[in-house]
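Whole structure, please, built from the sequences with the hints as guidance.
There are 4 protein chains.
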Amino acid sequence: MKRIAVLTSGGDAPGMNAAIRAVVRNGIYHGLHVFGVYRGYTGLIQGDFKELSVGSVGDVIQRGGTILYSARCDEFRTEEGRQQAVEQLRKHQIDGLITIGGDGTFQGAKKLTELGFPTIGVPGTIDNDINGTDYTIGFDTAINTVIDAIDRIRDTATSHERTYIVEVMGRDAGDIALLAGLAGGAESILIPEVNSSLEEIIARLKHGADRGKKHSIIIVAEGVGSAVDIGRQVQKATGFETRITVLGHVQRGGTPTAFDRVLASRMGAKAVDLLLSGKKDMMVAIRNNEVLGIDFDEANSQKHHLDLSNHHLASILSI
Amino acid sequence: MKRIAVLTSGGDAPGMNAAIRAVVRNGIYHGLHVFGVYRGYTGLIQGDFKELSVGSVGDVIQRGGTILYSARCDEFRTEEGRQQAVEQLRKHQIDGLITIGGDGTFQGAKKLTELGFPTIGVPGTIDNDINGTDYTIGFDTAINTVIDAIDRIRDTATSHERTYIVEVMGRDAGDIALLAGLAGGAESILIPEVNSSLEEIIARLKHGADRGKKHSIIIVAEGVGSAVDIGRQVQKATGFETRITVLGHVQRGGTPTAFDRVLASRMGAKAVDLLLSGKKDMMVAIRNNEVLGIDFDEANSQKHHLDLSNHHLASILSI
Amino acid sequence: MKRIAVLTSGGDAPGMNAAIRAVVRNGIYHGLHVFGVYRGYTGLIQGDFKELSVGSVGDVIQRGGTILYSARCDEFRTEEGRQQAVEQLRKHQIDGLITIGGDGTFQGAKKLTELGFPTIGVPGTIDNDINGTDYTIGFDTAINTVIDAIDRIRDTATSHERTYIVEVMGRDAGDIALLAGLAGGAESILIPEVNSSLEEIIARLKHGADRGKKHSIIIVAEGVGSAVDIGRQVQKATGFETRITVLGHVQRGGTPTAFDRVLASRMGAKAVDLLLSGKKDMMVAIRNNEVLGIDFDEANSQKHHLDLSNHHLASILSI
Amino acid sequence: MKRIAVLTSGGDAPGMNAAIRAVVRNGIYHGLHVFGVYRGYTGLIQGDFKELSVGSVGDVIQRGGTILYSARCDEFRTEEGRQQAVEQLRKHQIDGLITIGGDGTFQGAKKLTELGFPTIGVPGTIDNDINGTDYTIGFDTAINTVIDAIDRIRDTATSHERTYIVEVMGRDAGDIALLAGLAGGAESILIPEVNSSLEEIIARLKHGADRGKKHSIIIVAEGVGSAVDIGRQVQKATGFETRITVLGHVQRGGTPTAFDRVLASRMGAKAVDLLLSGKKDMMVAIRNNEVLGIDFDEANSQKHHLDLSNHHLASILSI
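Residue numbers (the UniProt record's numbering), protein chains in the order written: chain A, 1 to 319; chain B, 1 to 319; chain C, 1 to 319; chain D, 1 to 319.
FYI, nobody ran anything at the bench for these hints, they're computed from the structure.
Check each hint, because a few of them may be wrong.
Computed spacing ranges between beta-carbons, pair by pair [unchecked claim]:
1. D:D273 <-> A:G31: 53 to 61 Å
2. A:G58 <-> C:D229: 22 to 30 Å
3. A:V228 <-> D:R211: 48 to 56 Å
The beta-carbon is built from N, C-alpha and C at its ideal position, and this holds for glycine as well.
This is how it looks when you write it as structure tokens:
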């Protein structure tokens with residue numbers, strides 16, 4: 001193994017740059033040449049490679065986004081596109097590829113492995129929805145972004161009898177909503193994994209108001225519904241004034257937290273170690289504070305699991 | 001003048017607590033007894049007064065919200081309500097009242113003055129929409145909150161050809177949108193003071209895309225329209241993917257900036273000085289870095305003015 | 001078990017309030033009366049107890065410090081002092097006590113257990129130096145505070161050939177220095193657990209400068225030495241300009257991160273569950289993401305372990 | 001005027017990049033070619049020029065530091081060095097130069113003007129110590145950095161009878177200490193402009209303690225003395241435990257505040273406008289919210305003035 005490449009793909013996540021830095025520097029430390037592939041699988045197909053030096057990844061550990069850019073790539077979903085990608089890798093004499101991203105990224109990576117190209121995945125997505133790893137890069141930053149918003153709303157919430165509804169990311173996974181809701185002290189947390197009828201939420205709101213609660217904050221994962229719609233229904237049913245916040249892509253950015261930088265540094269370095277020891281077809285994971293490689297198949301074998309005991313805890317603590 | 005009272009009213013704003021602290025401590029420094037009135041004009045009518053000590057306002061300078069709470073009060077809009085308020089003030093032997101809030105607050109304050117009760121207003125609102133003062137308490141914090149959101153969006157915006165629309169507060173005044181848009185480097189800023197047709201915005205977006213611009217951030221003051229609606233129209237007309245952020249009451253909270261704390265400290269102290277020198281029927285203002293008192297009538301004589309040269313500058317700098 | 005009490009002791013840590021909130025609300029949820037003891041063991045001896053309601057711990061989850069205050073207590077180190085403490089607990093009909101703090105706190109807690117009083121400890125200290133738990137409450141916030149400082153230094157560090165030395169907390173444990181140094185991309189990390197001679201550091205600095213590195217950031221745990229002293233020696237030996245930052249108690253404050261709030265919420269709730277299930281003489285710990293109770297003896301049986309592989313990783317990644 | 005150049009010099013300040021962006025984009029808007037000069041006057045002498053495009057200054061408005069780097073330059077203090085600089089400017093056919101920095105920067109700029117080269121200065125320094133302008137770029141960010149530190153200390157300060165001493169920047173000017181001290185609610189503020197004997201400070205501390213004050217925060221501008229030394233003396237004289245924070249270069253970094261970005265954008269654009277209208281030998285200033293050009297001589301004619309009424313106010317409000 002003499003030359004490796006690294007790319008980022010899918011929705012970006014804070015900490016991706018820290019992971020790229022770790023790949024580059026751990027690679028160079030072990031005598032490798034490390035190439036960056038720009039704009040994900042698109043750049044892979046088009047041969048948009050550039051060798052990265054120690055200095056190329058200086059002053060990036062703290063930056064959100066990804067210096068390699070990311071992009072969607074429909075072409076890579078075709079057999080032909082993937083063949084072209086492997087040709088480019090061969091043409092640039094790359095011996096191994098590290099892909100940083102989420103589910104879609106790894107499905108692509110697996111296809112490359114099937115074509116015989118050694119590939120290691122690093123889980124980078126704010127959604128924390130990858131099976132087999134306790135955490136993904138970017139998740140900790142995203143929930144801190146959300147609780148900063150909740151804290152600000154709480155500052156102003158004490159004065160008026162109002163209901164605040166905050167819509168956060170999470171189409172299929174309620175991780176951001178659940179952890180941010182628990183950490184933010186939200187009164188209700190609506191996630192795809194738990195069926196909460198609007199009746200329950202309204203009953204809870206009214207019960208709170210009866211007990212003298214001045215205001216309530218409801219966190220909604222986007223997969224459950226739109227904050228605007230839910231707000232209208234709540235306001236109609238309770239008569240409480242309702243105010244909406246939709247954070248949107250604010251959650252994808254920001255300087256990564258210490259947790260995400262450490263995780264990204266460890267995972268990026270591990271990906272290089274795995275390639276060097278002849279591994280392929282693997283995703284880097286963290287389990288019980290240990291960073292290790294697991295088979296892509298294991299990562300994909302079952303749905304990501306959300307610990308619902310935190311949902312119960314949040315409801316107890318926000319009484 | 002031996003006993004004064006202070007209240008906060010209307011939408012709360014970061015820095016209100018710093019202003020309350022300044023009123024209390026400057027009052028006590030000058031030998032006064034200072035009373036807090038809870039929940040704005042509602043507490044004034046109901047006699048919800050409590051004497052505040054030096055310690056009552058310890059550890060509050062950095063807190064968002066208002067320790068005196070705020071509330072709307074329909075009753076105060078009636079002659080009878082205001083009579084009751086003055087009776088309460090007389091009953092508690094209060095010699096002067098300081099009201100911290102926005103336009104509505106000062107209309108109430110002026111009515112009290114007309115009933116013969118010495119009242120001084122302190123402009124506290126994130127909207128910066130009070131005539132006669134260069135800045136209101138809370139505005140600087142709010143625009144910093146907005147640019148933090150814009151910065152995060154920018155982190156993620158570089159990867160995809162997308163248009164991001166951020167809706168900020170400002171029903172009648174575009175101050176938050178304009179200054180935050182200029183400071184955030186937004187490509188378009190839609191404010192009530194400037195007629196921008198959707199056609200222009202779309203033309204600007206397309207022109208940017210033609211020049212290779214990957215993404216655009218549009219700031220919309222809520223008075224202009226809903227980000228959701230504008231987003232739909234833009235997406236339809238351009239075909240660019242559009243993503244929405246609605247910050248909502250996030251903008252009302254947060255720890256106040258240094259600017260807002262200094263402004264609030266100076267204004268709160270000045271309000272006491274004005275009462276002590278026999279003034280009434282006045283609002284505290286800052287002009288050319290000087291804190292002074294101006295007649296309520298002057299404050300209300302004309303509409304708050306927004307410096308539109310900044311709008312032109314923002315469009316030059318975001319080419 | 002009908003009445004329990006909770007106190008905080010030792011150096012305070014961000015997240016202590018979130019832990020108190022969890023104790024109070026989980027207690028009340030289970031039908032208990034929960035009392036706060038003010039100023040740690042001092043208040044325990046003096047009988048400074050106050051019953052806490054659901055509302056007492058509203059709006060505190062995001063606050064640094066501790067609403068119960070903390071204090072040193074020499075008296076509690078005497079047999080007599082501890083007897084008085086138990087008498088106060090009995091007098092107030094308290095059935096179980098939860099103490100939130102660090103090493104010293106738990107030594108006190110153990111003594112109470114020996115006197116027959118059921119006590120559960122919750123690890124709250126920024127130093128992360130408690131054996132038996134992967135994390136202590138406050139540690140994650142502290143390292144984020146440190147990396148914010150490092151990031152700011154880095155902004156300015158690119159212009160001049162300078163060496164920046166940042167002294168952080170950690171008398172006996174290098175956890176803060178190590179994780180913050182890794183996350184901050186520091187060039188050298190000096191911790192009590194690893195002997196680094198000044199010669200090595202200076203050699204590393206010179207080597208970096210030879211390779212064109214413009215600046216270096218060195219993190220020093222206070223247990224290793226004073227940044228001022230080390231700075232003088234480095235400057236003398238290398239001739240590089242050296243600039244010093246000593247963060248001090250800045251590291252103890254700040255709004256807790258999501259991680260610390262979730263940890264504190266889970267740990268505080270668990271402490272109540274342990275008391276309710278008849279446990280005593282235990283500390284709450286987190287291991288492999290699971291919150292559980294471990295014997296005080298186990299917690300004290302060996303020295304807290306620091307994963308030094310991160311030290312090696314940091315040196316690879318900051319080449 | 002067809003080609004202009006811009007450089008940053010001296011200690012860097014948050015907002016310098018926003019000023020560079022404004023110079024570049026306003027220049028290009030007016031049909032100019034704009035060149036960046038790297039590493040201040042050093043790059044000017046060495047001919048380190050690069051043409052900047054609209055895209056060169058994309059995504060920099062929010063970054064601390066300076067993308068053009070800064071450096072000290074002893075050579076520029078010689079007649080010969082300055083002659084070389086002018087030759088380089090002529091060689092690159094530059095018609096006007098914009099220098100962003102502090103006092104030393106402008107002394108250099110003035111010398112260039114004396115050699116016949118049109119030069120405009122933009123005040124960028126966290127110290128706010130330039131005469132003739134109400135604010136310099138970077139000052140607002142720096143005081144917000146300091147109050148963030150003070151807020152964190154305050155979180156932990158409530159528990160123990162301690163004195164916290166925070167040393168901030170300001171060799172000759174107390175602006176940072178004074179405004180941050182006022183905004184942070186510090187009990188004492190020691191600045192070069194006001195003689196405060198150690199006796200007074202100690203008396204104030206003891207008086208506070210007698211009144212029940214648990215802790216005090218003292219802000220010291222570095223020009224007054226070292227926090228370590230003052231801390232030792234205070235501890236010796238009062239017996240109170242004393243804790244030290246030295247922020248150092250943390251104050252020079254960080255993402256610029258909205259205030260600094262708006263100021264930098266307006267000032268940078270104005271510098272171009274001044275060159276275009278044939279002005280030279282001028283510094284851009286902000287006075288009474290208006291951005292304008294003033295003669296270098298006026299800027300240097302008298303010492304920067306600090307409004308000491310804020311010092312008195314801070315002492316009243318921290319009783």
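Original post:
What hint numbers does the structure not satisfy?
Top reply: No hint contradicted; all consistent.
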